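Peer 1: Chain by chain, the residues:
2 protein chains.
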Amino acid sequence: MISKNQLKLLRALGQKKQRKAHGLFLVEGEKNVLELVETSLKVKQVFATSDFLAKHASELRAYECIEATLDELTKASSLVSNNAAVAVVEIPQTDAPEPKGMMIALDGVSDPGNLGTIIRIADWYGIKHIVASTDCADPYNPKTIRATMGSFGRVQVTLLDLPRYLNEAKIPVYGAFLEGKSVHTTNFSQQGILLMGSESHGVRAEAEHYVTDKITIPAFGGAESLNVAMATGIIMDNYRRQHS
Amino acid sequence: MISKNQLKLLRALGQKKQRKAHGLFLVEGEKNVLELVETSLKVKQVFATSDFLAKHASELRAYECIEATLDELTKASSLVSNNAAVAVVEIPQTDAPEPKGMMIALDGVSDPGNLGTIIRIADWYGIKHIVASTDCADPYNPKTIRATMGSFGRVQVTLLDLPRYLNEAKIPVYGAFLEGKSVHTTNFSQQGILLMGSESHGVRAEAEHYVTDKITIPAFGGAESLNVAMATGIIMDNYRRQHS
Numbered sequence: 001m002i003s004k005n006q007l008k009l010l011r012a013l014g015q016k017k018q019r020k021a022h023g024l025f026l027v028e029g030e031k032n033v034l035e036l037v038e039t040s041l042k043v044k045q046v047f048a049t050s051d052f053l054a055k056h057a058s059e060l061r062a063y064e065c066i067e068a069t070l071d072e073l074t075k076a077s078s079l080v081s082n083n084a085a086v087a088v089v090e091i092p093q094t095d096a097p098e099p100k101g102m103m104i105a106l107d108g109v110s111d112p113g114n115l116g117t118i119i120r121i122a123d124w125y126g127i128k129h130i131v132a133s134t135d136c137a138d139p140y141n142p143k144t145i146r147a148t149m150g151s152f153g154r155v156q157v158t159l160l161d162l163p164r165y166l167n168e169a170k171i172p173v174y175g176a177f178l179e180g181k182s183v184h185t186t187n188f189s190q191q192g193i194l195l196m197g198s199e200s201h202g203v204r205a206e207a208e209h210y211v212t213d214k215i216t217i218p219a220f221g222g223a224e225s226l227n228v229a230m231a232t233g234i235i236m237d238n239y240r241r242q243h244s
Numbered sequence: 001m002i003s004k005n006q007l008k009l010l011r012a013l014g015q016k017k018q019r020k021a022h023g024l025f026l027v028e029g030e031k032n033v034l035e036l037v038e039t040s041l042k043v044k045q046v047f048a049t050s051d052f053l054a055k056h057a058s059e060l061r062a063y064e065c066i067e068a069t070l071d072e073l074t075k076a077s078s079l080v081s082n083n084a085a086v087a088v089v090e091i092p093q094t095d096a097p098e099p100k101g102m103m104i105a106l107d108g109v110s111d112p113g114n115l116g117t118i119i120r121i122a123d124w125y126g127i128k129h130i131v132a133s134t135d136c137a138d139p140y141n142p143k144t145i146r147a148t149m150g151s152f153g154r155v156q157v158t159l160l161d162l163p164r165y166l167n168e169a170k171i172p173v174y175g176a177f178l179e180g181k182s183v184h185t186t187n188f189s190q191q192g193i194l195l196m197g198s199e200s201h202g203v204r205a206e207a208e209h210y211v212t213d214k215i216t217i218p219a220f221g222g223a224e225s226l227n228v229a230m231a232t233g234i235i236m237d238n239y240r241r242q243h244s
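Chains as they are written, first to last, in the UniProt record's numbering: chain A, 1 to 244; chain B, 1 to 244.
Since the hints were made in silico from the structure, they are not lab data.
Bear in mind the structure is a predicted one, so any value in this text is a computation, not a measurement.
Some hints here could point you the wrong way.
[Stated by the list, open to error] Which stretches of chain B does chain A cover? Using the computed rule of at least three CB atoms under 8 Å from a CB of chain A, they are: (1) 54 to 66; (2) 219 to 228; (3) 232 to 239.
C-beta: ideal position from N, C-alpha, C; glycine also.
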């Protein structure tokens, strides 16, 4: 059973301010909760149905598990109905990653669903690090975590002073613009940072200043733009066909 | 002002059964409504704020326009707050497209947001026709239309007996599977059908039967799958780098 205080905490963690105050975030959904086992993240508690706990007893043996009904879990979650499992997890302390290998940088991408989808696509293409301007969506927003479809444990997202980070990086910065060199003919270097802007504002001037190569996804029809997560996926695919 | 009967109709058109009964669908949002001008779709009425109507008087001159407050429009819409314009549009009668050029076929893609995103990406890559199994999302669902970001008028989606269509097509059928030939090394023919299945079921056996080439997007990291719209975009980009 979920106690009143536990329910209060679970609901509070839907808010960024509360996540920061408690140093905790929520991982919702069966697949995401099971992914935790593969990570080094510190799990405080797992709330789940008796069915889920019985089925995954061995994977979850290291965690404090609290049995709850589907109804209780649905009430505790702001997100999904029929949510069989929710975990409360410590927000890890991470340092800004050293600029090396291939990375993704996000400038003002404020939609948590887009951020989560970008984390998922980064994981598909084996990108370990995303750096993001401080006004990007919170990587620990439950909507972000859900959209990662389990990839949140394999990709580190660091919010930081993006222009400064790009300035100090010694590797190429590929900026995605509506006008740039086609990704079909770009020679990507082995190491680099792919810089994506938001759909509404694009890459802003402060970050654009450090772009070494402007690139674009060639268009063949009438659509004016692509969703930022879609564009990230297509560009990463073009990079990976050159550097696997 | 929106009359009671008009409000009743607007709300009814959120439901598939009612859209079918009336032969009408909703186009919501400023950008989407303005896109109508570029299409041959028959617009019954445009409900919009006085600001919107004044600003776009010349584009909208051929339509019956009804002024409404933002509050009224928000009440009439199931989707968006701050919706400055909604149009009621006739569902066009379309025949199944002849299998030629490059096309997209969808098998059991039931999420309207995914369908709308696929319409948008089809439009980006200049694909005019999508054929879809009858259990796919309704192309006239307001959520589908919204996700197209204005591309709904340039891409025709036809729900039909998909296995039969694929059987009768005389062009290659490229089926997306988790195991297949890498799209990075596939030689795409000029004409073909890209067949995508749903995230939960993949391409089903009835449609798989007619696949001539199994293809896959190579993975480099830990994610198990990609969203169907994302995968469609990445594969279309690989096709277009060979045939522009």
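Peer 1: Against the structure, test the hints numbered earlier, and report the numbers of the ones violated in rising order.
Peer 2: 1
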